[in-house]
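Please work from the sequences and hints to get the whole structure.
Taken in order, these protein sequences are the chains called A and B.
Residue numbering for the first sequence follows our numbering, beginning at 378 and increasing consecutively.
Residue numbering for the second sequence follows our numbering, beginning at 5 and increasing consecutively.
One or more hints might be untrue.
[What the hints assert, rightly or not] Residues from chain A that face chain B, not an exhaustive set, calculated with beta carbons under 10 Å: (1) Met378; (2) Ile386; (3) Tyr390; (4) Pro470; (5) Gly507; (6) Val509; (7) Ser515; (8) Val528; (9) Gly532; (10) Arg533; (11) Tyr563; (12) Phe592; (13) Ser594; (14) Ala617.
[Said to hold, decoys possible] Taking lysine-lysine pairs in the DSSO-like style, the calculated list, with each CA pair at most 27 Å apart, reads: (15) Lys388/B to Lys418/B; (16) Lys454/B to Lys487/A; (17) Lys293/B to Lys393/A; (18) Lys545/A to Lys137/B; (19) Lys393/A to Lys426/B.
[Said to hold, decoys possible] To list a few chain A residues with every Cβ distance to chain B over 10 Å, as calculated: (20) Lys383; (21) Ser445; (22) Lys456; (23) Met473; (24) Lys495; (25) Asp538; (26) Ala542; (27) Ala575; (28) Leu598.
Hints are computed from structural coordinates only; laboratory data are not their basis.
Yeah, the Cβ is synthetic: ideal placement off N, Cα and C, and Gly gets one too.
As a plain string of letters, each chain reads:
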Amino acid sequence: MLIVDKEGILIRYNVKMEKSMTPEDAAAELYSKDELNRAIAEAIFEGEEDDVIEGLKAAIAAGKDPISLIDDSLMVGMKVVTELYDQGVIFLPNVMMSADAMLEGIEFCKAEAGSSPKPKGKVVVHVAEGDVHDIGKSIVAALLRANGYEVVDLGRDVPVDEVIACVKKESPMMLTGTALMTTTMYAFKEVNDRLLEAGIRMPFQCGGGAVNQDFVSTYELGVYGEEAADAPKMADAILAGKGLAELKATFHKH
Amino acid sequence: MAVKKFTTMAYSNADEMVFGRAKSPVKAGLGLEIGAGYTTAEVNYAPRPEAGETKEKLVNEYQRITRDIMARMVQVGFPSVVLETEHVQQMTNNPTWGAEVAHAQKTIMEEYHEEYGIKCALRHTPGDVREDKDFLQLRGDKYNVVMESFEAVADAGADLLSIESMGGKEIFDYAVLRNDIPGMLYAIGCLGSMDMEFLWQGIAKVAQQKNVTPAGDTDCAQANTAMFIAGGLLDKNLAHTLAIIARTLAGARTLSGYEAGATGPGKDCGYENIIIKGITGMPMAFEGKTSTCAHSDVMGNLIMQCCDLWSNESVEYHAEFGGTTVQCWSESLSYDCALMNTALKSGNEKILRDLLMASDRFRDPQSYILAYDNAYKVGQAIVKDGNDIYLRAKNAATECCNLLKSAEGLEMTKFETNALNKAAEELAVLTSDSEKFMSDCMEKYKAEVKVFKPENYAL
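Structure (structure tokens):
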């Protein structure tokens with residue numbers, strides 16, 4: 378059998394570029410100095426739901442307000458995770474597990490307080506009509522929630538009528554659509570047309586599988602999201618006041 | 005159809021495996037014999053989205069595609085070709101649509117075969133439409149629709165029947181995003197295998213009745229999902245060591261189709277097919293550097309090492325500078341096949357196989373394990389407990405971890421190594437009692453995954 382030294386044939390750039398700092402060390406630099414908040418942030422980073430609840434109980438016992446804890450502790454802890462993900466220090470499954478732990482913490486705080494905080498904004502997510510491939514949508518939803526957005530998840534194979542009705546009812550800041558198949562992504566054009574007919578001009582982020590920038594550029598409200606991680610970035614950009622043209626200029630990379 | 009488990013390898017050693025030759029070649033279509041000493045291009049395509057609006061438009065689109073491919077093949081002088089039509093949903097849900105497309109394609113292929121003598125075959129791959137909006141519905145009405153589709157396309161001219169089955173995906177999608185190795189094992193190795201065994205007995209029966217070939221399946225729904233999420237070297241969505249563990253689990257799963265009556269050639273996107281070829285000796289389709297029109301991978305040359313059919317995965321039909329996409333890609337595939345066939349004819353096939361393998365062997369943990377020598381070892385781990393779907397999948401994943409841990413010349417990041425070590429530890433403490441594993445997982449995932457319906461697997 379022929380074995381050839383890889384020198385000059387390939388370069389494992391991921392090994393070459395790997396940061397020397399461990400994820401735990403990198404996270405430690407970002408944690409709050411407040412001891413109670415730090416324990417909660419560490420539990421979120423580890424994705425340990427039970428420890429998050431324990432940390433919240435301790436903070437409430439120490440006199441902290443449950444609703445304030447959502448913004449001041451849970452969201453701050455989650456931001457450590459999303460920042461490290463953006464920097465390439467940790468990987469997506471860590472974010473998913475941390476988001477699960479954070480969401481459980483939010484539910485606990487809401488139950489303790491008997492009220493809900495105001496989210497950063499609301500996003501409706503769906504998978505195109507006729508398409509049942511939803512792992513991309515699930516990642517988008519988790520990343521949006523991890524970044525403090527309220528997500529209305531319509532699920533997969535969602536009829537255009539249902540998308541339009543939901544947008545009218547919920548008045549989200551953004552709609553997302555994912556599709557794996559070229560044949561189903563055509564539903565996005567119909568969603569676009571029906572939104573415009575109804576006088577709704579709202580960013581409609583589309584991505585996944587066979588969806589590409591050329592296709593999304595063919596309808597007015599469409600903004601192409603190449604990666605799931607673009608979804609919270611796009612929502613942040615909308616909050617910062619960017620309109621459709623600016624979003625396209627930023628996120629249409631090709 | 006009776007189920008016959010594989011408990012031995014078809015090849016006595018890894019070095020016996022080469023491209024273009026399989027222990028059990030398959031005759032199909034118009035003069036073609038797959039795995040009988042030569043390789044053949046398998047061209048795969050998708051209609052333009054607007055073509056799906058009506059049956060007439062769709063049939064017309066596939067006629068153009070078929071004529072374009074056949075014309076290019078004879079223009080450049082290639083002796084054989086396989087066309088694969090992966091159904092758009094409309095074609096499976098309305099079996100007469102799929103049948104009309106198959107008939108239209110086969111009519112054109114017969115014309116070319118009669119006029120030029122070109123050897124060719126038509127593969128049809130109905131969509132696995134066995135699902136409702138929120139849940140998989142693997143048994144019942146939707147299963148019947150899939151079987152009707154197979155019957156219809158077989159009657160209309162399809163020579164090779166395939167599918168990309170979805171069993172286990174509801175658990176896998178949950179597990180892979182949480183680094184949950186036991187969950188991945190349960191999804192792919194257990195649920196996926198159980199569904200494939202059920203499904204392929206039905207497909208093999210149809211094929212037998214219609215005198216066509218029950219070709220094979222792929223774990224596209226799971227192992228390719230892992231590979232695509234893992235992405236390139238700099239992507240941060242899944243450790244590549246976990247992606248290759250999913251792939252070796254898929255080796256144990258995809259085998260179930262061949263145990264339930266499939267005979268090959270396996271489906272192109274089953275990168276696990278190198279493991280399957282070692283176990284079954286059946287011919288296999290692969291895709292790699294010539295499927296960049298559909299997706300990137302990190303083993304484009306290596307995966308060609310033992311192919312019998314060489315595919316482009318899928319390309320949307322439209323114009324390029326060099327003709328239509330199907331013309332360009334069929335030509336590229338066929339030139340690769342011409343090179344392999346020259347190597348076979350001149351006795352240099354093992355040299356070319358090894359050059360292909362060596363050029364990607366150390367590119368990634370995935371390519372390292374799918375190098376034919378290591379894939380063969382994974383196959384041996386599977387057949388060691390071939391009668392037990394849980395144990396054989398666990399063996400495959402464990403062997404994958406052992407091979408990576410002892411790899412020489414493969415560089416891995418700390419992240420990849422940590423994920424590997426954690427996976428190996430989790431596998432090491434798993435029970436060797438299949439029934440206990442199954443019942444524990446059923447309880448856990450029924451509680452955690454709301455879309456999991458055990459009745460899909462007769463559980």
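Hint check:
For Met378/A, the suggested interface contact is upheld, since its CB lies about 6 Å from the closest CB of chain B, less than 10 Å. Contact between Ile386/A and chain B, as hinted, is supported at the beta carbon level, the nearest pair being about 6 Å apart and thus within 10 Å. Because the closest C-beta pair between Tyr390/A and chain B is about 5 Å apart, less than 10 Å, the hint holds. With a least beta-carbon distance of about 4 Å to chain B, the hint placing Pro470/A at the interface is held under the 10 Å criterion.
A hinted interface residue such as Gly507/A counts as satisfied when its beta carbon comes closer than 10 Å to some beta carbon of chain B; here the least separation is about 6 Å, so the hint holds. A distance limit of 10 Å between C-beta atoms decides the matter here; for Val509/A the minimum to chain B is near 5 Å, and the interface restraint holds. The beta carbon of Ser515/A comes within 7 Å of a beta carbon in chain B, closer than 10 Å, and the hint placing it at the interface holds. The closest approach between the C-beta of Val528/A and any C-beta of chain B is roughly 16 Å, which is over the 10 Å cut-off, so the hint fails.
Satisfaction of the interface hint for Gly532/A is found here, the shortest Cβ-Cβ separation to chain B being roughly 6 Å, below the 10 Å cut-off. Against a cut-off of 10 Å between C-beta atoms, the interface hint on Arg533/A holds, since the closest Cβ of chain B lies about 7 Å away. Checking Tyr563/A against chain B by beta carbon gives a least distance of about 5 Å; that is within 10 Å, so the hint holds. Because the closest C-beta pair between Phe592/A and chain B is about 8 Å apart, less than 10 Å, the hint holds.
Here the hint on Ser594/A is broken, as its CB sits about 15 Å from the closest CB of chain B, past 10 Å. For Ala617/A, the interface hint is violated, the least distance from its beta-carbon to any beta-carbon of chain B being 24 Å, above 10 Å. About 32 Å separates the Cα atoms of Lys388/B and Lys418/B, which puts this hinted pair outside 27 Å; it is violated. Restraint check for Lys454/B and Lys487/A: satisfied, since their Cα atoms lie roughly 23 Å apart, inside the 27 Å limit.
Of the pairs offered as hints, the one joining Lys293/B and Lys393/A holds, with about 24 Å between alpha carbons and a cut-off of 27 Å not exceeded. A C-alpha spacing of about 22 Å is found between Lys545/A and Lys137/B, which places the hinted pair at or below 27 Å, so the restraint holds. In summary, the hint linking Lys393/A to Lys426/B is supported, as the alpha carbons are separated by about 23 Å, within the 27 Å threshold. At roughly 4 Å from the closest C-beta of chain B, the C-beta of Lys383/A falls inside 10 Å, breaking its exclusion from the interface.
Annotated as non-interface, Ser445/A keeps its C-beta farther than 10 Å from every C-beta of chain B; the closest such distance is 30 Å. Against the 10 Å criterion, Lys456/A stays outside the reach of chain B, whose nearest CB is about 17 Å from its own CB. A Cβ of chain B approaches the Cβ of Met473/A within 10 Å, the least distance being about 5 Å, so the stated non-interface status is violated. For Lys495/A, the requirement that its beta carbon stay farther than 10 Å from each beta carbon of chain B is met, with the minimum near 28 Å.
With a least CB separation of 14 Å from chain B, Asp538/A remains clear of the 10 Å interface cut-off, as annotated. Look at Ala542/A: its CB is around 16 Å from the nearest CB on chain B, clear of 10 Å, so calling it non-interface holds up. The non-interface label for Ala575/A is consistent with chain B: the shortest C-beta to C-beta separation is roughly 24 Å, beyond 10 Å. No Cβ of chain B comes within 10 Å of the Cβ of Leu598/A; the nearest lies about 18 Å off, and the non-interface call holds.
Against the hints set out earlier in the document, violations occur for numbers 8, 13, 14, 15, 20, 23.
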